[in-house]
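**Q** Sequence:
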Amino acid sequence: MDRNPTRQITQSEQGCGLPSGSFKSRGVGNYLLAKLKDADDPRRVHFYCASGGNAGLACAHGAVTLSCKATIVVPLSTTPLMVRKLAEAGATDVVQVGASWQEANDHLTQVLMSDARSKGEEAIYVHPFDDADVWDGNAGIVREIARQLPQVANHYPQNVVPTLASSNDGQADGPARPDAIVCSVGGGGLFAGVMQGIDELGWHQTRVIAVETDGADSLAQAVQAGHPITLPAITSLATSLGARKVCQKAFEYGCRKDAVVSAVLSDSDGMRACKRFLDEERFLVELACSVCPAICYEEKLKDLVPGLNESSRVVLVICGGGNISFDVLDKYMKDTAFAAPS
1 MDRNPTRQIT QSEQGCGLPS GSFKSRGVGN YLLAKLKDAD DPRRVHFYCA
51 SGGNAGLACA HGAVTLSCKA TIVVPLSTTP LMVRKLAEAG ATDVVQVGAS
101 WQEANDHLTQ VLMSDARSKG EEAIYVHPFD DADVWDGNAG IVREIARQLP
151 QVANHYPQNV VPTLASSNDG QADGPARPDA IVCSVGGGGL FAGVMQGIDE
201 LGWHQTRVIA VETDGADSLA QAVQAGHPIT LPAITSLATS LGARKVCQKA
251 FEYGCRKDAV VSAVLSDSDG MRACKRFLDE ERFLVELACS VCPAICYEEK
301 LKDLVPGLNE SSRVVLVICG GGNISFDVLD KYMKDTAFAA PS
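Using this note's numbering, you'd call the opening residue of the sequence shown number 1 and step up by one each time.
Hints should not be assumed to be uniformly reliable.
As the list claims (entries may be wrong) - What follows is a set of in silico ranges between Cβ atoms, one per label pair, in the way DEER data are often shown:
(1) Gly90 / Arg256: 19 to 29 Å
(2) Asp335 / Glu310: 28 to 38 Å
(3) Leu278 / Pro306: 44 to 54 Å
(4) Thr109 / Val152: 16 to 26 Å
Stated by the list, open to error - With a straight-line cut-off of 16 Å between C-alpha atoms, the simulated EDC-like cross-links for lysine to aspartate or glutamate are:
(5) Lys69 / Asp93
(6) Lys300 / Glu310
(7) Lys35 / Glu103
(8) Lys35 / Asp130
(9) Lys69 / Asp41
(10) Lys302 / Asp330
(11) Lys35 / Asp93
(12) Lys37 / Asp130
(13) Lys119 / Asp199
(14) Lys275 / Asp330
(15) Lys37 / Glu122
(16) Lys35 / Asp133
(17) Lys35 / Glu121
(18) Lys69 / Glu122
(19) Lys69 / Asp130
(20) Lys257 / Asp199
(21) Lys275 / Asp199
(22) Lys275 / Asp327
What the hints contain is simulated information worked out from the structure, not anything from laboratory work. Computed from a predicted model, the values in this text were never measured in an experiment. Note that beta-carbon positions come from the ideal geometry of N, C-alpha and C, so glycine has one too.
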């Protein structure tokens, strides 16, 4: 990422072989295992998940692996591409209803699960982002960063400029720490997991840049207001970030001004980043994910975290996502309203 003077360390979840193509397999997969272990009769378990798409994919893949059923409910804004992927992943049923995740979730819990239980199924609710098991699964990303980061020094010259996280945060012989971690925020499950992992490791000097798109910026607006808020609607094209309200844990983490910086980018920033990331890194990621490298491409890092320099260590969580194709990318690039820099 040659336009930015910061050393970039890219963690690509798509390259980790996760079955759903996104980080959601971490948190949702951990959740499914925990719930199945506690089930009264695993043979009657039927998972129910409301999702913008990617959590549903993780739920469907996980359920098939565990020989369970899975019904996925998605909002009407979910693309035909994602609906088809959910069916192909093995979902027992895919239902489209509601303008946003909240409406889809209400239909799932109040209608479908109630009906399933009346038929004798052990209907298990799968929250895509608001559960401790989900956060713990996602926290594994940070644990892996801790293991991998010391190896990165072998591929770069020795640091000559002190970095923000070059100290051991008061811990003797501590491991190398990133100066910043960039992750996107929808409902807040990934963000909460990253923050949990940072706290576990005592990375007190590492800053987290929580990135959203304009029109899906429920965390940024809540932090600014000083209390949880619910967006009236999701107007961003990054529908995978389409939670009108973040989970309480994410809000609490977002209010930690010493550790978290909120950033809101435009859909057009994300669209341009989709293409550039494909050109430079050979990964095709969706809009909800591309806003992370967009932070670098749009040269916003130094403004967000003062003190970063050419020797700083910045980790981008490239969370993947299935809501993208070459046809979708081509449409982005042909839309002159979005293709030109703002």
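**Q** All the hints need checking, so say for each whether the structure fits it.
**A** Taking the hints in turn, this is what the structure says about them:
1. The supplied range of 19 to 29 Å is broken by Gly90 and Arg256, whose beta-carbon atoms lie about 39 Å from each other.
2. A beta carbon spacing of about 35 Å between Asp335 and Glu310 agrees with the range 28 to 38 Å that was offered as a hint.
3. Look at Leu278 against Pro306: about 31 Å separates their beta carbons, and that is not inside 44 to 54 Å.
4. A beta carbon spacing of about 44 Å between Thr109 and Val152 contradicts the range 16 to 26 Å that was offered as a hint.
5. Distance restraint check for Lys69 and Asp93: the Cα-Cα separation of roughly 9 Å lies within the 16 Å cut-off, and the hinted pair is therefore satisfied.
6. In summary, the hint linking Lys300 to Glu310 is supported, as the alpha carbons are separated by about 14 Å, within the 16 Å threshold.
7. Restraint check for Lys35 and Glu103: the C-alpha separation of about 24 Å exceeds 16 Å, so the hint is violated.
8. Simply put, Lys35 and Asp130 have alpha-carbon atoms about 14 Å apart, close enough for the 16 Å limit, and the pair holds.
9. A hinted pair counts as satisfied when its Cα atoms are at most 16 Å apart, and Lys69 with Asp41 qualifies at roughly 13 Å.
10. Distance hint between Lys302 and Asp330 is unfulfilled; the C-alpha atoms sit about 31 Å from each other, more than 16 Å.
11. A distance of roughly 20 Å separates the Cα atoms of Lys35 and Asp93; the hinted pair therefore is violated under the 16 Å criterion.
12. Proposed proximity of Lys37 and Asp130 is contradicted: the alpha carbons are some 19 Å apart, above 16 Å.
13. Of the supplied pair hints, the one linking Lys119 and Asp199 is violated, its CA atoms being roughly 44 Å apart against a limit of 16 Å.
14. For the hint linking Lys275 to Asp330, the alpha-carbon distance of about 9 Å falls within 16 Å, and the restraint holds.
15. Restraint check: the Cα-Cα separation between Lys37 and Glu122 comes to about 13 Å, which is no more than 16 Å; the hinted pair holds.
16. A hinted pair counts as satisfied when its Cα atoms are at most 16 Å apart, and Lys35 with Asp133 qualifies at roughly 9 Å.
17. Using a Cα cut-off of 16 Å, the hinted pair Lys35 and Glu121 holds, with the two alpha carbons roughly 14 Å apart.
18. With a C-alpha separation of about 10 Å, the suggested pair Lys69 and Glu122 falls inside the 16 Å cut-off, and the hint holds.
19. Using a Cα cut-off of 16 Å, the hinted pair Lys69 and Asp130 is violated, with the two alpha carbons roughly 21 Å apart.
20. About 15 Å separates the Cα atoms of Lys257 and Asp199, which keeps this hinted pair within 16 Å; it holds.
21. Annotation: proposed proximity of Lys275 to Asp199 is violated, straight-line Cα distance about 34 Å (limit 16 Å).
22. Among the hinted pairs, Lys275 with Asp327 is consistent with the structure: their alpha-carbon atoms are about 12 Å apart, no more than 16 Å.
Comparing the model with each numbered hint stated earlier shows that hints 1, 3, 4, 7, 10, 11, 12, 13, 19, 21 do not hold.
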